[in-house]
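Take a look at the letters that make up each chain.
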Amino acid sequence: MEAKGNISPNLTAGSARQYQPYLEAEWGFKNSWYPALFSSELEENQIKGVTILGREIALRRARGQVYALDDRCAHRGVRMSLRPTCLTDETITCWYHGFTYNLRDGILRTIVASPDDPLIGKIRLRTYPVAERAGIIFVFVGDEEYQPAPPLEADLPIRISDDKNAVAHILDEQAYVRGIHRRGNSNWRLAVENGFDPGHLLIHWDNQIIAATDRNLGLGALPVTEDAIKIIDEPGGPKGMMNMYNTRAYKFFGENREIGLKARGKKPYYARTSVFLPGLLLVEHWPAPGWAQYEWYVPIDNRHHEYWEVLVGRCTSPQERQEAEYLYEHFFEPLALKDFNDNDLFAREAMQSFYEQGGWERENLCAFDDATIVWRKIASRFNRGIQESPHRRTIHS
Amino acid sequence: MRTVTLHFEDGEQRRIKVREGEFVLDAALRQGVPLVHQCRSGSCSTCVAQLITGNIETASDRSTSLLAIEAAEGKRLLCSSYAHADSELALHYPASLIYGTRIKVVEASVAALEWPAPSVARLTLELATDRDFTFRSGQYVRLKIPGANEWRSYSIASTVRELPCLHFLIRILEGGVVSEYLRTRCRQGDEILIEGPMGAFILRPVKAPQIFIAGGTGLAPIMAMLDEMRYRPGPRPPMLLSFGCASERQFFYRDEIELRQWWMPELRVILSADRVENRNSDLYEGNPVAAVAREPITDRETVAYLCGPPTMIEAGRRQLTEMGLAPEHIYAEQFLPSAISLAGR
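Chains as they are written, first to last, in my numbering: chain A, 1 to 397; chain B, 1 to 345.
Keep in mind the hints are simulated off the structure, nothing from the lab.
Misleading hints may appear alongside valid ones.
What the hints assert, rightly or not - With a straight-line cut-off of 20 Å between C-alpha atoms, the simulated SDA-like cross-links for lysine to any residue are:
no.	chain 1	residue 1	chain 2	residue 2
1	B	Lys207	A	Gln147
2	B	Lys17	B	Ala59
3	B	Lys75	B	Gly54
4	B	Lys75	B	Glu314
5	A	Lys267	A	Gly220
6	A	Lys122	A	Thr91
7	A	Lys338	A	Ile203
8	B	Lys207	A	Pro150
9	A	Lys266	A	Asn256
10	B	Lys207	A	Asp143
11	B	Lys144	B	Val105
12	B	Lys207	A	Phe382
13	B	Lys207	A	Ile386
14	A	Lys251	A	Lys266
15	B	Lys207	B	Pro296
16	B	Lys207	A	Glu144
17	B	Lys17	B	Leu29
18	B	Lys207	A	Glu145
19	B	Lys104	B	Ser158
20	A	Lys262	A	Ile209
21	A	Lys48	A	Arg183
The task is simple: from the sequences and hints, build the whole structure.
See the structure below:
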């Protein structure tokens, strides 16, 4: 799992130019799989609209299958999901003038009040590849020319192989997958950088889950050796990096005498975090041993992201499943996904106006921000394209 | 009077009438078809086209830069050829190239002057007011420096994303008008006129592997193309850049190339110098054409872009064809020092 290629990146120097593409990626990385809805949020015949990378996309389930199309009628730009109209299993109809499109290829099939219209068969709506796995509807958002779409696995965390009690992968058959998603009022990059930030434990020091479990997360972690951050570059697979909190490469600080602050809790607890393209997080053994927390920060536009918090456990029997459900509802969701991560959401939003006003050039990063810089460089290298602002005039190529 | 049908790369067609004793290019321009051209004397090869059917021949009293093997393949320089029968020609660029953008003269000022190597200047110009100026990555413009009467041609080393700034890589020549200006008089804020965009040296919309070969400041349009590749929709194909300079001391832009390599894992790079003094150097000793000789061509659709002096282009065409590339997949832009030709690129 080393960086490939015949050049060696300068991973620690503060060379902002090396991560210039990341700075351009205000609207996110395109040509990637993003979660759009939980399966349970889209019933048969329902149509729902989502916004990913600034693109408005309508999702419709028909005969069990989920289809994704542009959510703006080609006629006059009406947002179709605002008043869902399903007249057949194969089509979606705009509720305003009755333009009716095939779900499969987006081609205009008929117009309710103009069945012989010359436009029929000529114009179409853009469609998007969809993958419904592990109870989540994923959509491949990007250029129509990007075909075929890479497998969903390439945009998910790696399978953990260096841990004898390895957490389950979200696509494992025995995986128990449950979570929430909500809107975050910050640019998606501030959210990703918060997710793996080795220096951000101060915001969690008095959280309910810490008090209730008597864990000591420390106040922050500082990389002390070169192997603190492992680059992940699987051929045709996930790209990202791993913070090796479970090794001596990181030094944890439990106390700051200067200001008399000490991390609470008696049981040391280090949850290893990794981050992957296009911008998702894996926290192993969190919120409890054997569990994994996945987080996506799906760019909605340049100032908002959809914050996905998904827990993955392993259940081999109905009893274990029942126990997992109980833990999820009475412990994990209220104490981890909500109370604990509320602080993260709050912190990202507190930075938004600064970064919106050129903060990327004015920030002063410190010793524990190595991971942030490495992430920016990796993201600059392995992204499949930078989403352009929808407000930008198109440039021919 | 003959009818000549022009087939553009994007499927567009135009029909023109060519009179007896009239060059095909002149006929096209007269009828409002602004075919790509530059020298109008048969030397720059910019107006080259492929004869499909009919009879179009080079004027017998003109010597042109077209090679005999190219002529045998049906290549014709339209600025120096007559139509002896109704004919069909294929142009190696899309009609949108000539109809989409208009050549115009715009004002700009010097924003920066840097020296990547002792004999290479990197000039940054900023457009004064014209915000509609646009171009394709790989195209060139003509510049008129303060106090000069003549125009000089230079490829743009940047893309439209850097607008209103334009970057140029300029080789310093003894006694060159622009060289002299850059070395002695150039000041930030100086006014420079830009005429353009010109040329048909642009990226092709293909998914096949791409080879870029650049010699010296011939790297300029190639840099623009590489940056364009970063933003092109769809998956990026494998790319190979072979870039060479005369000597290690003259070598420039290594850091810029490394950045592109970091940003595009699909890009492989071979750097070369004609003379390598340092034993520990990672540079290939030889020219950038020879440097790709052992590269296997696995895809018959592979496309190559060459930019450099005429000898490099010629050697490149020959070698790439031998390696299995189709001649029509090889695109080239010649750089001629101004002493030899009107083009000072």
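- Item | Satisfaction of hint between A/Ile386 and B/Lys207, Cα-Cα up to 20 Å | holds (19 Å)
- Query: Does B/Lys17 pair with B/Leu29 here, judged by a C-alpha cut-off of 20 Å?
  - Reply: Holds - the C-alpha atoms of B/Leu29 and B/Lys17 are around 11 Å apart, at most 20 Å.
- Query: Is B/Lys207 close enough to A/Pro150, meaning Cα to Cα at most 20 Å?
  - Reply: holds (16 Å)
- A/Lys251 paired with A/Lys266 [C-alpha distance capped at 20 Å]: Judged against 20 Å, a Cα distance of about 17 Å means the pair holds.
- 20 Å limit on alpha-carbon distance, applied to hinted pair B/Lys75 and B/Glu314: Distance of about 15 Å is within 20 Å: holds.
- Item | Hint consistency between B/Lys207 and B/Pro296 [alpha-carbon to alpha-carbon, up to 20 Å] | holds (18 Å)
- Message: Need the status of pair B/Lys207, A/Phe382: alpha-carbon distance at most 20 Å?
- Response: Given pair B/Lys207, A/Phe382 holds - Cα atoms ~19 Å apart, limit 20 Å.
- Query: Within a Cα-Cα threshold of 20 Å, do A/Lys122 and A/Thr91 meet the stated pairing?
  - Reply: Between A/Lys122 and A/Thr91 the Cα gap is close to 16 Å, so the pair holds against 20 Å.
- Item | Given pair status - A/Gly220, A/Lys267, alpha carbons within 20 Å | holds (15 Å)
- Query: Is the Cα-Cα distance between A/Lys338 and A/Ile203 20 Å or less?
  - Reply: OK: A/Lys338 and A/Ile203 at ~14 Å, within 20 Å.
- Would the pair A/Lys48 and A/Arg183 pass a check requiring their Cα atoms to be no farther apart than 20 Å? holds (16 Å)
- Task: Given the hint that B/Lys207 pairs with A/Glu144, test it: the Cα-Cα distance must not exceed 20 Å.
- Result: holds (14 Å)
Hint compliance for this structure: no hint is broken.
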